[in-house]
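Read top to bottom, the protein sequences are chains A and B. Here this note's numbering is used: the first residue of the first sequence is 212, the next is one more, and so on. Here this note's numbering is used: the first residue of the second sequence is 6, the next is one more, and so on.
In short, the hints are calculated from the structure, not lab data. A few of these clues could be false.
Claimed, not checked - Ranges of calculated distance between the beta carbons of each label pair, as one might list FRET restraints:
1. A/G265 with B/Q8: 31 to 41 Å
2. B/V59 with A/A240: 21 to 31 Å
3. B/P13 with A/L285: 36 to 46 Å
4. B/V59 with A/G227: 45 to 55 Å
5. B/S87 with A/G265: 16 to 26 Å
6. B/V59 with A/Q242: 21 to 31 Å
7. B/S87 with A/L291: 36 to 46 Å
8. A/A278 with B/S87: 36 to 46 Å
9. B/T18 with A/S279: 40 to 50 Å
10. B/N31 with A/N266: 38 to 48 Å
11. A/R287 with B/K70: 39 to 49 Å
12. B/K70 with A/Y281: 29 to 39 Å
13. B/T27 with A/S292: 30 to 40 Å
14. B/Y15 with A/R287: 19 to 29 Å
Backbone N, C-alpha and C fix where the C-beta goes; we use that ideal spot for every residue, glycine too.
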Amino acid sequence: RKEVEQDPGPFNVPEGATVAFNCTYSNSASQSFFWYRQDCRKEPKLLMSVYSSGNEDGRFTAQLNRASQYISLLIRDSKLSDSATYLCVVRTSGSARQLTFGSGTQLTVLP
Amino acid sequence: EAQVTQNPRYLITVTGKKLTVTCSQNMNHEYMSWYRQDPGLGLRQIYYSMNVEVTDKGDVPEGYKVSRKEKRNFPLILESPSPNQTSLYFCASSSPGSTGELFFGEGSRLTVL
Chain A
212 RKEVEQDPGP FNVPEGATVA FNCTYSNSAS QSFFWYRQDC RKEPKLLMSV YSSGNEDGRF
272 TAQLNRASQY ISLLIRDSKL SDSATYLCVV RTSGSARQLT FGSGTQLTVL P
Chain B
6 EAQVTQNPRY LITVTGKKLT VTCSQNMNHE YMSWYRQDPG LGLRQIYYSM NVEVTDKGDV
66 PEGYKVSRKE KRNFPLILES PSPNQTSLYF CASSSPGSTG ELFFGEGSRL TVL
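Looking at chain A on its own, in the form it has when it is part of the complex:
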């Protein structure tokens, strides 16, 4: 079983739609959680951290469910520019060494 699992998609949604991605992790000792965004053939970039109480950044909402060991990312009012691969990232210790990346979920927002 992979340490971090994501539905690879692709998710094809119309502009303006709301779309949600889930990610599950296997290590119950995981401490920190993140969503990264990766555009086609580009490097990953941090989208947002995921806090226990849930957090929002504009149209993006991230939530964490420690009991069920999953995190989610909700994108409201999708824009064409949201088309990308979204990587779920989990950290199991205090150092950046222990970052484990999911394989990513591909999103295409259609006009």
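Given chain A, put chain B in place with the hints provided.
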């Protein structure tokens, strides 16, 4: 501009011909790391370095070497490349106080024939 720079960005080589992918960062980060990204497998860590002269294996170190003689540079060395090392490689760096943000280079696409 704060950045991580990798070279070359694209390379086609043949089996057994030694090559080095350079990585340099200008953010004075202690931590640097190399990843490879393959379809369906996500990003997998090859080697990492917590500081100058301190390196350690990641999850897939076989066939690779690294060195960290200076803080800003962290080259990845393939002594005898093989076709299974055909991949997209990313260098990344992070500051000690970072909770999880890695700054990535633009990637190096390597093809080994």
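Taking the hints in turn, this is what the structure says about them:
1. Between A/G265 and B/Q8 the CB atoms are about 32 Å apart, so this pair conforms to the stated range of 31 to 41 Å.
2. For B/V59 and A/A240, the Cβ-Cβ distance of about 24 Å falls inside the hinted range of 21 to 31 Å, so the restraint holds.
3. Judged by the Cβ atoms, the range 36 to 46 Å given for B/P13 and A/L285 holds: they are separated by roughly 39 Å.
4. Between B/V59 and A/G227 the C-beta distance comes to about 49 Å, which sits within the given range of 45 to 55 Å.
5. Separated by about 45 Å at the C-beta atoms, B/S87 and A/G265 break the suggested range of 16 to 26 Å.
6. Checked against the hint of 21 to 31 Å, the pair B/V59 and A/Q242 passes, with Cβ atoms roughly 22 Å apart.
7. Checked against the hint of 36 to 46 Å, the C-beta distance between B/S87 and A/L291 comes to roughly 40 Å, which is consistent with it.
8. Range check, A/A278 to B/S87: about 44 Å between beta-carbon atoms, so the 36 to 46 Å window is met.
9. For the pair B/T18 and A/S279, the supplied restraint of 40 to 50 Å holds, since their beta-carbon distance comes to about 46 Å.
10. The hint said 38 to 48 Å for the Cβ distance between B/N31 and A/N266, and at roughly 30 Å that hint is violated.
11. At about 46 Å, the CB distance of A/R287 to B/K70 agrees with the hint of 39 to 49 Å.
12. Distance hint check for B/K70 and A/Y281: the Cβ-Cβ separation is about 37 Å, which falls inside the suggested range of 29 to 39 Å.
13. One distance hint, 30 to 40 Å for the beta-carbon pair B/T27 and A/S292, holds here, with the actual separation near 32 Å.
14. As the Cβ distance of B/Y15 to A/R287 is approximately 37 Å, the hint placing it in 19 to 29 Å is violated.
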